[in-house]
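Protein chains in written order, with this note's numbering: chain A, 1 to 377; chain B, 1001 to 1377; chain C, 2001 to 2394; chain D, 3001 to 3394.
A hint or two may mislead.
[As the list claims (entries may be wrong)] To give an idea of the chain A side of the interface with chain D (calculated C-beta under 7 Å), a few residues:
id : residue
1  : Arg18
2  : Leu20
3  : Gly181
4  : Leu182
5  : Val184
6  : Met204
7  : Leu225
8  : Lys275
9  : Ile328
10 : Gly361
[As the list claims (entries may be wrong)] EDC-like cross-link-like pairs, simulated, lysine to aspartate or glutamate; straight-line CA separation at most 16 Å:
id : chain 1 : residue 1 : chain 2 : residue 2
11 : C       : Lys2143   : C       : Asp2185
12 : C       : Lys2240   : C       : Asp2138
13 : C       : Lys2262   : B       : Asp1366
14 : C       : Lys2389   : B       : Asp1249
15 : A       : Lys148    : C       : Asp2336
16 : B       : Lys1148   : D       : Glu3337
17 : B       : Lys1245   : B       : Glu1320
18 : A       : Lys148    : A       : Asp129
19 : B       : Lys1148   : D       : Asp3041
20 : B       : Lys1148   : B       : Glu1127
21 : A       : Lys148    : A       : Asp197
22 : B       : Lys1049   : B       : Glu1127
23 : A       : Lys148    : C       : Asp2138
24 : D       : Lys3262   : D       : Asp3336
25 : A       : Lys49     : A       : Asp129
26 : D       : Lys3262   : A       : Asp366
27 : D       : Lys3389   : A       : Asp249
Source of the hints: derived by calculation from the structure; they are not laboratory data.
No residue lacks a Cβ here, since even glycine has one placed at the ideal position from N, Cα and C.
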Amino acid sequence: MDLRYATEHVILRESAERFLAERYDYRTVQRIAASETGWDREVWGEFAKLGWLGLPFAPEDGGNGGGTVELAILMEAFGKHLVIEPYLATVVLGGGLIAALGSTAERQAMLPAVMEGECQLAFAHEERDVPTRAQRTNDGYSLRGGKKVVLGGPSADTLLVSARLGDHGLGIFVVPRKTHGLTVRSYRMVDGRRAADVDLNDAMVPTSALLGGNEDAGGAVEAVLQRAIAALSADAVGAIGAIVKATVDYAKTRVQFGQPIANFQALQHRMVRIKIKEEEARAAALFATLSLDGPAAIRARATSGAKAKIGRCARSVHQEAIQLHGAIGTTDELALGGYAKRLLAYELLFGSTREHLRRYGAMIADPKVAGTGLLMA
Amino acid sequence: MDLRYATEHVILRESAERFLAERYDYRTVQRIAASETGWDREVWGEFAKLGWLGLPFAPEDGGNGGGTVELAILMEAFGKHLVIEPYLATVVLGGGLIAALGSTAERQAMLPAVMEGECQLAFAHEERDVPTRAQRTNDGYSLRGGKKVVLGGPSADTLLVSARLGDHGLGIFVVPRKTHGLTVRSYRMVDGRRAADVDLNDAMVPTSALLGGNEDAGGAVEAVLQRAIAALSADAVGAIGAIVKATVDYAKTRVQFGQPIANFQALQHRMVRIKIKEEEARAAALFATLSLDGPAAIRARATSGAKAKIGRCARSVHQEAIQLHGAIGTTDELALGGYAKRLLAYELLFGSTREHLRRYGAMIADPKVAGTGLLMA
Amino acid sequence: MDLLLSSEDLAFRDEVRRFLADSIPPGMSRAIDLTTAFIVDPDVLIDFHRALHRKGWSVPHWPVEHGGTGWSPVQRYIFDLECGHAGAATYNASGSHFVGPVIIHYGTQEQKDKYLPRIRSGDDYWAQGYSEPGSGSDLASLKTRAVADGDHYVVNGQKIWTTNAHRANRMFALVRTATTGKRQDGITFVLFDMDMPGITVRPIMGNGGDHEFNEVFFNDVRVPISNRIGEENKGWEVAKFLLEFERGGRVLAGQVRAQFAKLVQLMIARGHDDSDLRTRLAEIGTDLDAMEMIDISVLSTLQTGGNPGPISSLLKLRWSEIRQSIAELAMDAIGDEALRWFPERPLYETLQLPPEDEEMAAMVPRYLNSRAFTIMGGTSEIQTNILAKSLVGL
Amino acid sequence: MDLLLSSEDLAFRDEVRRFLADSIPPGMSRAIDLTTAFIVDPDVLIDFHRALHRKGWSVPHWPVEHGGTGWSPVQRYIFDLECGHAGAATYNASGSHFVGPVIIHYGTQEQKDKYLPRIRSGDDYWAQGYSEPGSGSDLASLKTRAVADGDHYVVNGQKIWTTNAHRANRMFALVRTATTGKRQDGITFVLFDMDMPGITVRPIMGNGGDHEFNEVFFNDVRVPISNRIGEENKGWEVAKFLLEFERGGRVLAGQVRAQFAKLVQLMIARGHDDSDLRTRLAEIGTDLDAMEMIDISVLSTLQTGGNPGPISSLLKLRWSEIRQSIAELAMDAIGDEALRWFPERPLYETLQLPPEDEEMAAMVPRYLNSRAFTIMGGTSEIQTNILAKSLVGL
């Protein structure tokens, strides 16, 4: 057990912080969010130059070989600065699937373009209705189904689509944007990011589209989603930390009745409460991150637990932060509004707070699990 | 619509207050609670003399013809002074059933002894397991079943036992304490009152034991239970009011750091919150009381709503009151401890807070009901 | 004691229902349902307001001699509840509920003649200029300066959070006319026309995507001294009167109950079997019943000529929280539909969705805007401070 | 960075499990399960404590030269968790965790020789005399007076909330030795034998039915000056050292996790399908995971020689709340069984119920007693005041 950040962690945090503080203020967020595409090509290019787009990929694939902790550090900075570029969609989800399931040839064919910022990906997974199915055809597969909340779908050059194969199989299909029968219906999310509903209306793909030729991708999908939840949780912690700091700073400078409102004990106690929630959220996110290299049961517990706990913290922190700010907290003049919306999106992505609380509850409804501490054998 | 208390209401409140303030302090509560029987014969005799034992009965039955408001006023005083004598069991439940279902002869046979304090009653209704059944015999009925949470069961001279008759019927049976096959297993409740588990092991009663000869007593039982909930809610409001007052008074006199702790804004805001909960609880109890003369749907909504709302208020008020008192609040030196236990009992009697919240939720899951205000046609 | 409606009350209710059925223009309810801001646009409401005016019901709570209806508090409660259910809203509370009663109480005959008819008819639309950048909860610290110059005041300064200043043609405001003595004793209540030279309005965009709030700048604005309400330096008293009238005299139960019924409808339409959401719904219901009972107690007190006392801050505090909890549950009830954001306003003009999906678009903006309920019009913290003294006796 | 246990850690865990399996006397776990008070009776624990002592594990956190084990923080965490699961508890924290470390740090050689062995062996049982009727959160206002008279202090005054004073043979206390200057600078830390003439103990009955707390009266008690720890008038520093050691140095996660596992067991045994209760259970689980992660961060900091900082007040605040929520849910989980009250104590001697019903009897008293978690040892309000400064920087 060792929870010390290594030097390279500190360097990554500082360089991310420096870049974003300089280049990505709240006006930039608002500008990009209001733009047609919802992402900035120049910023994305910088991400590539900084090596962030290759952060989690293995050195043999041309990546930087960063681990889960590095990813969490970067995501926390993204949350703090409200970065809305589709990093999670392209690098963590799409890239993560290719890295986990792809053959050497597939990885070499696709990952370099991702890392260079030339190709964006999206993972079309959540079903709108009945499960999407892949039907074998003479020379490939025909995909049929409807997906929802496809993060980064609008800007994706290539979609990775999960589909049932036969009775028990699950495959990930590489579907180029232009594929006939594929429709991407884009929308803007509450926090300015973009997502899409995706329709697959007998979309035909070749046999080679089945990633890694793998017909049993369920475990890999679960692991990638857990990584995404841990990463998004770090993002949420970045937002929570920023919102708490902004609130405390505001309370120290806002003068009413002849003194900073931070002097009022009733408000002090409430600021302590949101600060504690920040600490708890940070701890839950760290557990999720560190669980990712552990056994499946711990990963599931830690990531669902993080989603449930951080979602709850996020709700009450954003509400208290707005209330403690007063009227200015209800406007779009401060980044506070952006954080509130970012956290609302967090609560809903990859399963809601309540849904994960239910899953977590089912997992710990066993005294042996409930009695097991976080340190792992 | 008129919510003014009439002169007789004010007089009743004042006389109850005067009597109990003089005769029923917290040491008395503790003494009676620790006694063998859990009630004081002398106090009970005084209740009779004050006319309280006959309060809700019709003048033609020898009662005082008091309405639901009078009963609520008396019960609120009982809650405020933690009266543990089995008034609810004998007068509201037992007496209420006899008044509602009994023939003139039955009322005249039983109610005078109740009003004179010579006879205590209990209503054995909640099933421990499968429903209690009454089997017709040659000369009466054989009762078989197990009842739980029979309030006042230990001191009851006569039990009123609900039992299924045939496929759809429900009857109330008058069962003297000495009846063969009747076992009363007494226990002390958390707040010092007494209750019992009751076993009916082929207890034989004559045909005349079926109250009013009524084989369809379900509606009357429901109405009596609603009256009991409204009365007990008034009792809880008495306890909540007392606990809030005690907390505020204590905060004004407890000095730490050179000033009364009531000066600290963080504590002031919390005291405001429990005071508001008192007001809301009072309002919910009043709605329940005033609903009792209304249609069945309003009665059900108001009484379940009161139980759910007041139960929730009670929990947080007793917790906050203890916390605001500090260490002394965790002892049995102050009445505070008694109030906390009284309110815990309130939360569980006649269906828990959660159970009533569920029932209430089912009732208002209809926009027409949800949109209907409290004023009644 | 009872909660019974009299047969006159019931007859009145039927009359209100008939009137509403006849008078609500097509499209108004949809526009209100898709309004995410606090205040419904005047365009949406003006026709209905004029119908009310024709019926003589546009300012029911005013004294009869000024156009009020003379209804009992119970009748006003019935009217509010029925309006809520019918999907109607108040045209311009700043006019009819705020400045109107102030003019009736403190105004000169000229002022009454000039302003009251146009409030009744809806010809005027009023905004309120109280808060300033440095003066929110601590309103008495306000600095916007009015200096007498002949028969005018020359006003310089700035107001903020001025709801619908960009739609109003008139505005009442508190300005500072003295800088010595107790802060409260140097404040004056003045009426402005929004087209007076030197007044500029800058929008403040809300986090919910709506433009309701504004900054209003005063740059050497010359306003006639005859636009003053009450005496110079007595504006604080006028403002307090306004607040008391507003808080004690208005019953929110009807409006909130109508919102609650809509929430129930939404949850049924979504087929919700999520027990946590159902628990929250039921809890809100019991909160609402309890608060309505408190409201009715206030009605009863008013009905019999009494003074409801410190309860007004309690009502503000709790109703705002209950309204927030309704908005919050509505957002949570739509699940991941809440991820979609429609930036254009007003939604009833810009949305291009099937009718059954439309209401989803309003939920998140409405939730975000609802956070202001506990801030605007006196924060919950200020209400709590007041209640600590007045209700708890600390 | 990782959360992995090393192979040494795992071997250690196995050793602890073996030891516990061999050493826990029959009946001890039942007695602890049926203990409703904070502190388990010494009679219940003494045999196990002696077994720990024989193994050399009775004071693991002390320096090795005084009988400590030299375990790493992770090993202590493992030990606490396994003890919790095995149903073991600390014999006398006032001795081993409070006064012991104080004597080690501040005591003379004579004091160390006299007291430390008897804490290790369990021959002494210590009580803590801090609070006074007028000095709770504001401890520095304490008034119990010690006046030097030759080589003794003569002590007069009163302590309150003295846990298990009626079972202890020794007591450490803060007394006032100077009444001028800063209040904190007139306080001295003194050790008493409970049988010294002039000490009387009066019980305070808890609302949960247990007798744990006492008042302790000092009437011309003569205590040798050699019983003083540290310098005269430096007792406040000693008390602060004690608090820091206690708060930063003890990991509650193990104990609370064991309680949580028991709660899960109870809910399964009751066959609960109540979704509200299950939601609360899951929420407590996520709270517990987060707090354990914070605890582990503290461990990691300690393991690498760092100072955990202001986090100690956060731990006190939140662990006490989580323990309350466990006790509260356990009470709610037994439904109307919670109506039954068993006034006799200890339950493990007085109860006459079938084994499967026994634990119900403990739930309500334990809930009531749990309310003291957020009061004793520094109220949540005081912790929050501290955190406002130290963690939030206000």
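Quick rundown of the hints versus the structure:
no. : hint                    : verdict
1   : Arg18                   : violated, 23 Å
2   : Leu20                   : violated, 23 Å
3   : Gly181                  : violated, 42 Å
4   : Leu182                  : violated, 39 Å
5   : Val184                  : violated, 36 Å
6   : Met204                  : violated, 44 Å
7   : Leu225                  : violated, 19 Å
8   : Lys275                  : holds, 5 Å
9   : Ile328                  : violated, 20 Å
10  : Gly361                  : holds, 3 Å
11  : Lys2143(C) x Asp2185(C) : holds, 13 Å
12  : Lys2240(C) x Asp2138(C) : holds, 14 Å
13  : Lys2262(C) x Asp1366(B) : holds, 10 Å
14  : Lys2389(C) x Asp1249(B) : holds, 14 Å
15  : Lys148(A) x Asp2336(C)  : holds, 10 Å
16  : Lys1148(B) x Glu3337(D) : holds, 10 Å
17  : Lys1245(B) x Glu1320(B) : holds, 12 Å
18  : Lys148(A) x Asp129(A)   : holds, 9 Å
19  : Lys1148(B) x Asp3041(D) : violated, 34 Å
20  : Lys1148(B) x Glu1127(B) : holds, 6 Å
21  : Lys148(A) x Asp197(A)   : holds, 4 Å
22  : Lys1049(B) x Glu1127(B) : violated, 35 Å
23  : Lys148(A) x Asp2138(C)  : violated, 48 Å
24  : Lys3262(D) x Asp3336(D) : violated, 20 Å
25  : Lys49(A) x Asp129(A)    : violated, 40 Å
26  : Lys3262(D) x Asp366(A)  : holds, 10 Å
27  : Lys3389(D) x Asp249(A)  : holds, 14 Å
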